[in-house]
Structure formats: structure tokens, C-alpha cells
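Colleague: Listed below, chain by chain, are the residues.
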Amino acid sequence: MMWLVLGLLIGAGAVALAQRTRRSSTAIRWYEWLLGALGVIGLLLTLEATLGHQAENEPTAAWMSVVTLGLPSLIVLLIGVVLPWRRHRASLRPHSEATADDSEPVA
Amino acid sequence: MSTEHEHERTEQPRVSRRGFLKLSGAATAATGAAVAASGSRSAEAAASSFADAANGGGDAGSIHARPWWVREVDEPTTEIDWASKERISERGHTVRGPGLAQYVGEERAEEITEIARENKIQRIRDNEPGYTLRDQAFYDAAGNFGFAVAPISFLGPQTAETPEDLGVDPWQGDPVENANMIRAAARHFGAATVGFVELNEDTRKLIYNEDPDGLEVVFEDVDEAYETDEKRVIPEKARWVIVYTYQMSEETMRIAPDPVGAATTSVAYSRFPQIQNSLQDFLRGLGYQGLGEASINALGIGPAFAVLGGLGELGRFNRLITPEYGPMVRVQKMVTDLPLEPTRPIDAGILEFCKSCKLCAEYCPPDALSFEDEPYWEPLGGWSSPGHKAWFEDAPACIEYWRTGPGTNCGICFAVCPYAKKDETVLHSLVKATASRTSLFNGFFTQMDELFGYGERDTESWWGLDLPEYGVDTQRGRGQQA
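Each protein sequence line maps, in turn, to chains A and B. 107 is the number that this note's numbering gives the last residue of the first sequence; the numbers go up by one with no jumps. 589 is the number that this note's numbering gives the last residue of the second sequence; the numbers go up by one with no jumps.
It is worth saying that the hints were derived from the structure and are not from the lab. Owing to the predicted nature of the structure, the values given are computational and were not obtained by experimental measurement. Check the hints yourself; a few may be wrong.
[Said to hold, decoys possible] Away from chain A, derived, C-beta distances all over 10 Å, residues of chain B:
1) Gly199
2) Asn234
3) Thr532
[As the list claims (entries may be wrong)] Partial chain B-side listing against chain A, Cβ under 10 Å, derived:
4) Val275
5) Arg361
6) Asp530
7) Leu558
8) Tyr561
9) Trp570
We put the beta carbon where it would ideally sit given N, CA and C, even for glycine.
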């Protein structure tokens, strides 16, 4: 049930993000979506591995899952979030240095 | 051509940004659902199990629903030279009983038994962690095997009414139907996995010629099995072996070689009388014979039959490693005249993994296990059956450590095996599935196994664990079909 709720929440979050992006002037590029998706999948796998190892009475392995899987996934996700966020902030500045290409919508 | 391609491209429906974003959201949601499915017993697997049950309990000749990465093969991964294989004596050749004396000498055999007792008493007096009175008492209690209340025998309890007693015909089923029936019954009596091997001129060599109690085991052209003071007689028509495993507690074994850790072996054995006696009486009730083990490790070589019957592969520490439970099983066997469809050997990449792993050999205190990369034909002594390639162990050194060291039956090699992991996280299944297809990452997997800290734990922490009945998860190994 927990996984079902998580799946629904993440799906709803992704749709909301997509709609917000549509209304915004800043587009999210395909590789940023990819990085975000990989990060989310990695974090889900981390959660699964951590809970699984706890169920196996393996606390050390559970923490190692967080370190070896969770941290890289979080970094990938953050890159996927920070890149468009920075572009978005740049576009809001009065004399933006953003190029035309930066704000070009994704086909 | 180029014009056509360009035309095709222009004709393809374009995915709008809105559509793309919607698809992304749906894909992310689907990912969550997929993780959900892999993290629990999936509905699909449950439905498949149900369909199997409705069809009579599974595919012809299969053991049960195996993990998808287990391949059935014609020959086991352990190479066998049947021409050089011979029947051996459990009593005279192996080191479990009086056979040890011929390898270390009578005097030393008695001496190490005495050392074990003195060490035990001294450790209790010193209140040594892991060897306190509480831990030793637990180990001794587990060692009762339950045989005091449920003795085991070659012919079985003989309490069930036979079809003849009831004036009805014996059970008639084809070998596949019989195999599925025996599998279902054995699992309900407490077995984990069940396989079947046909006894022929070759496989008979895996039946001991002498049982641990010194009685000969012979084949005769008789209708009914019988035993005397000198021998146990298997009828020629009893041409099938039922070989089965039952689980040990992985979490408990992790404390090996301390008494509590080693106790899981004994606790598992204590379930054996129920399985064997029930199975023997079940066969009797059907009008057939079930010829069991008169004592632990009697009748035949368990791991050998288990490998032939596809329950697992022979690992570096010369014991069975199963895809479902790793080495955390005991293996028993029974000869019967009920025709059974043999199950096939498997290749799950386990023996291949053992070639590079070597963790069991590294952790073995008396250095009784081999570090050779490849298995070999020559046993290290008379305690092993020749005629197959294996990493033969120095059994006398192993037993001597048992008695002069912890005073238990150790089990460190079982505990440190990378396959001795539960499947609560999908990572374990991914690793085992990858190892079953390629040996490329085996070294990395071994390193990760150590890095993740699947090490031993202390006895004190074990007493605080919330473990299930018998310390095993009976749901494990189910619902893993492709």
C-alpha cells in the first residue's frame, strides 16, 4: 500500500510539475526530465533496499544502501532540479543574460 | 529513398510538449507501481501460483515455482565421472561418527571430545560472551533433535492404514501427478523444496553401503523392504528418491560458531522426524513404501541427490547452495517405489560464483576449505566420495576445530556465504539474477557483500531479535516464478 500511495503521489507531482512548467516561460529539457526520473527511481530503490535490509535485520546494510544508492540518486535528482531552476531565476532578472535558446520550449 | 524517409518523418504524429509532459508523469507513476510490485509478493505471481495449483500443482517434472533466473539443465554443474564413483560407508568413511578415529587416531579422537567438554564448563564458569549458561543450555536443548518424542527409522512408523487394510486399491497416478502430490504433501509436512531422482546403476552409488549405525544397506529383489540386525534391504522396485530441504535460520546462523548460532542446525533437524514420519505414513496410506533415514545422515549422500534433483548446486564448502535459501537448508532423502517424474539439475550460476568468491575459505578458522579457483577430482581423504569435481574439504580439521574450538558444529562457512541472504530487498534478486547469467561482476558482488556489512553478529543482540517461528520465513521462496 505504501508503494501504491508513493507511486500515486509521485505521478501526481510529476503531472503538477508539467502543468506548472507549461504555464511558465522556462522549459525543462529532455535530459533534465531524464535526470529527475533517474533520481526518483534511484531514491525509490534506496527506500526499498533500506526497508528490505531492515526487515532482514541487517542495519549496517540498510545504512550502506542509503550511502551507496541514496546519495548518488539524490545528487542526480538535484542536478535535474537545479539546472532548470537556475535558468528560471536567470530569466526573471531584469536584464537577463539568458540566451534565446535557454527559453526555447521543448518540442 | 531519402524523400520517402522525409515523408515518413513528416507523417509521424508529433508529440506535443503537453503530451510529453503527461507521458512523463504517467511513466513516473508507473515506476512507482513497478517498485511496489517488486517489493512485495506480486499479484501476478500469486495469480500464477493459483493457476498452477488449479492445474494440479505445477509443471511436469519441475520442483516448484523457481526464481526466473534458475535454468534447468541436462547435466549438473558439478562434473561427475560415474565410472569412478563407488558406494561409501557413512560410518567408516565420514568423520561424523567413529570414522574420525581412523584419520586422527583413537587417542586424539577421545582427547578432542574431552577438550570440548572441559572448554564448555570453563566458559560457563567464566561467563564468556556467547558461551554463557543460557547460550549453552539453548544449544543443548536444540540438540535434542525432537527424536526423543518422534524416533525416525528406515521403515517408518507404520501406523497408517494401508489400502489393503481398508479393502481398496492402492493409489494409481502417473509419475508427474505423483511427483506433484508428494511435493505438496512434503511441503505441508515442513519441507521447503522437493526434488526427485531416479535410482539407476549410476545413482545407486550415492546410497551408502553402510549406515551410521553399522548396518549394511543392500538392494534385493524382494517386494517389501525389511531390516535385520545386520542390514537394511531396499527392494529393487524402489527406484525413486525423494530429496528435500528444510530451512535453517539465517539470522541465527549468523552468530556461528557460538552455541546459539550453531543451534539453528539442531532446531532444523528437530523438524526432520515430523517430515520423514509423515511422508512415510502418507506413502503407506497410498499403498507404497517410503524408506527413510534411520538416523541423521543415513541412507545416502544428501547434497549429491539434491544436486541431481535440481535443488541447488554444490558450493565451495562442499555443501548444497540453493537459489531460494542459499546454504541455509538441511537436506534429507527417502527411497520409494511410487513412480515419480525426476526433476532436472539446475544452473543458477552458483558454482561459477564460488570460483571467485572464496569468502567461506577465508573465514574458515581451521583452514579446512580450498582456495583453488577450480574444483578438482581428487578428494583430500577417504571421507569424501570420489568421482565428481568439487572443492573437497579437510573434514578432520573441520571436526577437530568444532570440538576443540567453540565446542559446537560451527557453521561459519554457511553464515558468510553471499547466497545466505534473505530476499526482502530486490537488490539480492538482481545480484543473483546477474550472477546466473554472467560471471563478469562476481568479484564486485563479493566485495559489496563484505562492504554492506553482512558480517557476524554477537549472541547478546540475537536474544533481542524478533524472529518468526523456528527462526525461518516460510513465505520465502514462494511466488518467484517468471
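Colleague: Go through the numbered hints given earlier and state which of them the structure violates, listing their numbers in rising order.
Modeller: Those not satisfied are hints 3, 4, 9.
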